[in-house]
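2 protein chains.
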Amino acid sequence: MANLTLVIDAMGGDRGPSIVVAALARALQSFPDVNFIVTGDEPRLKALFARESKVNKNLDLTRLTIHHTTQIVHMDDKPGECLRKKQDSSMRVAIDYVAEGKADACVSAGNTGALMAMAYLHIKTLPGVIRPALVAPIPTAGGSQGFLLDLGANPVCDAETLFQFGVMGTVLAKEMVGVSEPKVALLNMGTEEIKGPDVVKQAGLLLAQSPSINYRGFIEGSDLFTGKADVVVCDGFTGNIALKSCEGMAKLVFDHFQASMKDHWLSKALAWLLVKRQRKSWQWLNPDQYNGASLIGLRGVVVKSHGNASANAFYSAITHAIKEAQIQLPERIQAQVEAVLSEQS
Amino acid sequence: MANLTLVIDAMGGDRGPSIVVAALARALQSFPDVNFIVTGDEPRLKALFARESKVNKNLDLTRLTIHHTTQIVHMDDKPGECLRKKQDSSMRVAIDYVAEGKADACVSAGNTGALMAMAYLHIKTLPGVIRPALVAPIPTAGGSQGFLLDLGANPVCDAETLFQFGVMGTVLAKEMVGVSEPKVALLNMGTEEIKGPDVVKQAGLLLAQSPSINYRGFIEGSDLFTGKADVVVCDGFTGNIALKSCEGMAKLVFDHFQASMKDHWLSKALAWLLVKRQRKSWQWLNPDQYNGASLIGLRGVVVKSHGNASANAFYSAITHAIKEAQIQLPERIQAQVEAVLSEQS
Numbered sequence: 001m002a003n004l005t006l007v008i009d010a011m012g013g014d015r016g017p018s019i020v021v022a023a024l025a026r027a028l029q030s031f032p033d034v035n036f037i038v039t040g041d042e043p044r045l046k047a048l049f050a051r052e053s054k055v056n057k058n059l060d061l062t063r064l065t066i067h068h069t070t071q072i073v074h075m076d077d078k079p080g081e082c083l084r085k086k087q088d089s090s091m092r093v094a095i096d097y098v099a100e101g102k103a104d105a106c107v108s109a110g111n112t113g114a115l116m117a118m119a120y121l122h123i124k125t126l127p128g129v130i131r132p133a134l135v136a137p138i139p140t141a142g143g144s145q146g147f148l149l150d151l152g153a154n155p156v157c158d159a160e161t162l163f164q165f166g167v168m169g170t171v172l173a174k175e176m177v178g179v180s181e182p183k184v185a186l187l188n189m190g191t192e193e194i195k196g197p198d199v200v201k202q203a204g205l206l207l208a209q210s211p212s213i214n215y216r217g218f219i220e221g222s223d224l225f226t227g228k229a230d231v232v233v234c235d236g237f238t239g240n241i242a243l244k245s246c247e248g249m250a251k252l253v254f255d256h257f258q259a260s261m262k263d264h265w266l267s268k269a270l271a272w273l274l275v276k277r278q279r280k281s282w283q284w285l286n287p288d289q290y291n292g293a294s295l296i297g298l299r300g301v302v303v304k305s306h307g308n309a310s311a312n313a314f315y316s317a318i319t320h321a322i323k324e325a326q327i328q329l330p331e332r333i334q335a336q337v338e339a340v341l342s343e344q345s
Numbered sequence: 001m002a003n004l005t006l007v008i009d010a011m012g013g014d015r016g017p018s019i020v021v022a023a024l025a026r027a028l029q030s031f032p033d034v035n036f037i038v039t040g041d042e043p044r045l046k047a048l049f050a051r052e053s054k055v056n057k058n059l060d061l062t063r064l065t066i067h068h069t070t071q072i073v074h075m076d077d078k079p080g081e082c083l084r085k086k087q088d089s090s091m092r093v094a095i096d097y098v099a100e101g102k103a104d105a106c107v108s109a110g111n112t113g114a115l116m117a118m119a120y121l122h123i124k125t126l127p128g129v130i131r132p133a134l135v136a137p138i139p140t141a142g143g144s145q146g147f148l149l150d151l152g153a154n155p156v157c158d159a160e161t162l163f164q165f166g167v168m169g170t171v172l173a174k175e176m177v178g179v180s181e182p183k184v185a186l187l188n189m190g191t192e193e194i195k196g197p198d199v200v201k202q203a204g205l206l207l208a209q210s211p212s213i214n215y216r217g218f219i220e221g222s223d224l225f226t227g228k229a230d231v232v233v234c235d236g237f238t239g240n241i242a243l244k245s246c247e248g249m250a251k252l253v254f255d256h257f258q259a260s261m262k263d264h265w266l267s268k269a270l271a272w273l274l275v276k277r278q279r280k281s282w283q284w285l286n287p288d289q290y291n292g293a294s295l296i297g298l299r300g301v302v303v304k305s306h307g308n309a310s311a312n313a314f315y316s317a318i319t320h321a322i323k324e325a326q327i328q329l330p331e332r333i334q335a336q337v338e339a340v341l342s343e344q345s
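One line per chain: the protein sequences are P and W, in this order. Letter 209 of the first sequence, counting from 1, is numbered 209 in the numbering used here, and no numbers are missing. Letter 184 of the second sequence, counting from 1, is numbered 184 in the numbering used here, and no numbers are missing.
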């Protein structure tokens, strides 16, 4: 395998570059064939890497390049303004590396809107792709993995765009998880054909007509994680609400579990024993490993980490980006989109 | 307090009338001042009540009337056809009791679309109310309760309708939970003012302008249960997706908890002890007690139970309906809507 180059926006997240540097130190060791470029405040990054080197004498920094940038895209910056005014930001310079073919993939924990706008304008979509989509892996019953898209890149979508999301999601499930004929479904407020908005019904007709898609109809939110579908398609507004509502529910349950353990020494002891015994079994539900939403449909790999990701979670986002670059995900999506477009014509 | 009369559709749920009769037997004992009418297949209902009477000698069936009906609204029936062809269904007859003022409230576990259509057409909306909304209580951190609406009665809404949902939700949080100035928020894909569809932004402006509403802006799905809002407003498509996605997530977590307990005797023992100790603490998250979505904005009380509710869950739906009738929720909503309309004019 040829050497890959990954570019990392170090200044994007809520928690500062120290998280990114810690994740990168781990990645430098796990991926000896990957070169890393990191964009951001050079003096600060140098100091952080020096500290990492002290802890870990074997850290190979020869595969690391620091590209100094003078601007930061903040979480509340407007995407349009970032496009015009933040041309020397750590995010924009990282995107440019991919756009110019000098890096195979980019990871950022920064402002999602700005990242999408920059990627869309500078890396550009693949031929035939209407809109890029933000997609994330989701856990499914039995320990497997599905994909939900779009998660917010496109708040409103037409039927053809939703159809293309189904096509691109199919490629992801095949190439990233190894599902041979990924089941595709549209997220809707009921499973009956008469249910839901017209655009969802029209997208259903397009998906049903395509021989390349294993279309299974509508599914409800309650079936997001049951494995009824490997690829769940919706507009970005709906996907964002669905995913974040699930986050909220999971947090409610786990917080209550933790809080309720504090009320009595026996509860605490039981919980401690249980967590100790069960850690491995729960690992597949650990949100850290699901960190990293991919912006797909572009002429390059762009992965968005959660803004307040931990070092472990940011490391997961890096591993997603490396895997997508290794399997040449954009080229595979392009091939599938071309095949589907030729079916239609 | 004057005697209340509640009408129950016994044939609506997925699990048949035995669930309903078991819940009713319990309600007859808990609410000695309430009269019950039950609509459905009389011979079958009589047999079920006879069985209940054998188990419980004190069951007072003098406050129960069985109204025999010959038709059933099935879960996959189309609402429009039910309106025309199912005039002697258990659901329609129950709705008519409320429409004609012969009952104070109605509970059904049947086809949601048909129930809404019948209620809208026959019970009708309150003066000034654009559309009725389906609303459910949701748990919030700290053991309190919020409300989410709409849950599917109105897949697409205009800004004025969303605004009215905020007004009606405020009344619910005040009267049902006792919150003095309920915090109202719109469910959106971000908290910044520029985020989300235009209709949500317009609804935000309307809510912000109203002196009667304690409007707190947009919230994301991740804050549904944090108590940031007592009333969360969205269109029915979005609310349905959010609520059912949360159901899916909760089921994933609890199923995995149960499954992971089966792998080793020690895990099983620990889990048993933990559940025993923690049952009370988890009670506020028990989905049964949240069963019962209310159709509000109508000239009467209509409560929709989950289709596959257990007897305990159906009993919860009955208690919600009784409480709404006791506090005369429709009259209170009407007063608030009139007050807000006069502010606007």
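Worth double-checking, as some hints may not be accurate.
Mimicking EDC-like on lysine to aspartate or glutamate, the simulated pairs with C-alpha atoms at most 16 Å apart in a straight line are [as the list claims (entries may be wrong)]: (1) P/K46 to P/D60; (2) P/K201 to P/D158; (3) W/K195 to P/D76; (4) P/K78 to W/E192; (5) W/K251 to P/E175; (6) W/K78 to P/D158; (7) P/K85 to P/D96; (8) P/K195 to W/D76; (9) P/K228 to P/E181; (10) P/K251 to W/E247; (11) W/K195 to P/E181; (12) W/K85 to W/E100; (13) P/K323 to P/D76; (14) W/K201 to W/D158; (15) W/K228 to W/D158; (16) W/K78 to P/E193; (17) P/K78 to W/E193; (18) W/K323 to W/E181; (19) P/K195 to W/D77.
The hints are simulated quantities; they were obtained by calculation from the structure and are not laboratory data. Owing to the predicted nature of the structure, the values given are computational and were not obtained by experimental measurement.
Now for the hints, and whether the structure bears them out:
1. For the proposed pair P/K46 and P/D60, the alpha carbon gap of about 14 Å is at most 16 Å, so the pair holds.
2. Pair hint P/K201 plus P/D158 holds up; C-alpha atoms about 11 Å apart against a cutoff of 16 Å.
3. Between W/K195 and P/D76, the direct Cα distance comes to roughly 11 Å. Compliance with the 16 Å bound is thereby established for this hinted pair.
4. A threshold of 16 Å between alpha carbons decides the hint, and for P/K78 with W/E192 the separation of about 10 Å falls inside it, so the pair holds.
5. For a cut-off of 16 Å, the pair hint linking W/K251 to P/E175 is broken: about 28 Å separates their Cα positions.
6. With a C-alpha separation of about 26 Å, the suggested pairing of W/K78 with P/D158 is violated against the 16 Å cut-off.
7. Distance hint between P/K85 and P/D96 is fulfilled; the C-alpha atoms sit about 15 Å from each other, no more than 16 Å.
8. For a cut-off of 16 Å, the pair hint linking P/K195 to W/D76 stands: about 11 Å separates their Cα positions.
9. Of the pairs offered as hints, the one joining P/K228 and P/E181 holds, with about 13 Å between alpha carbons and a cut-off of 16 Å not exceeded.
10. Restraint check for P/K251 and W/E247: satisfied, since their Cα atoms lie roughly 13 Å apart, inside the 16 Å limit.
11. Among the hinted pairs, W/K195 with P/E181 is inconsistent with the structure: their alpha-carbon atoms are about 36 Å apart, more than 16 Å.
12. Distance check on the hinted pair: W/K85 and W/E100 sit about 20 Å apart at the alpha-carbon level, beyond 16 Å; violated.
13. Taken as a hint, the P/K323 and P/D76 pair is broken in the structure, with Cα atoms around 30 Å apart against an allowance of 16 Å.
14. As the CA atoms of W/K201 and W/D158 are separated by approximately 11 Å, the hinted pair is consistent with the 16 Å bound.
15. About 24 Å separates the Cα atoms of W/K228 and W/D158, which puts this hinted pair outside 16 Å; it is violated.
16. Restraint check: the Cα-Cα separation between W/K78 and P/E193 comes to about 11 Å, which is no more than 16 Å; the hinted pair holds.
17. For the given pair, P/K78 sits about 11 Å from W/E193 by alpha-carbon distance, which is consistent with the 16 Å threshold.
18. A distance of roughly 20 Å separates the Cα atoms of W/K323 and W/E181; the hinted pair therefore is violated under the 16 Å criterion.
19. For the proposed pair P/K195 and W/D77, the alpha carbon gap of about 12 Å is at most 16 Å, so the pair holds.
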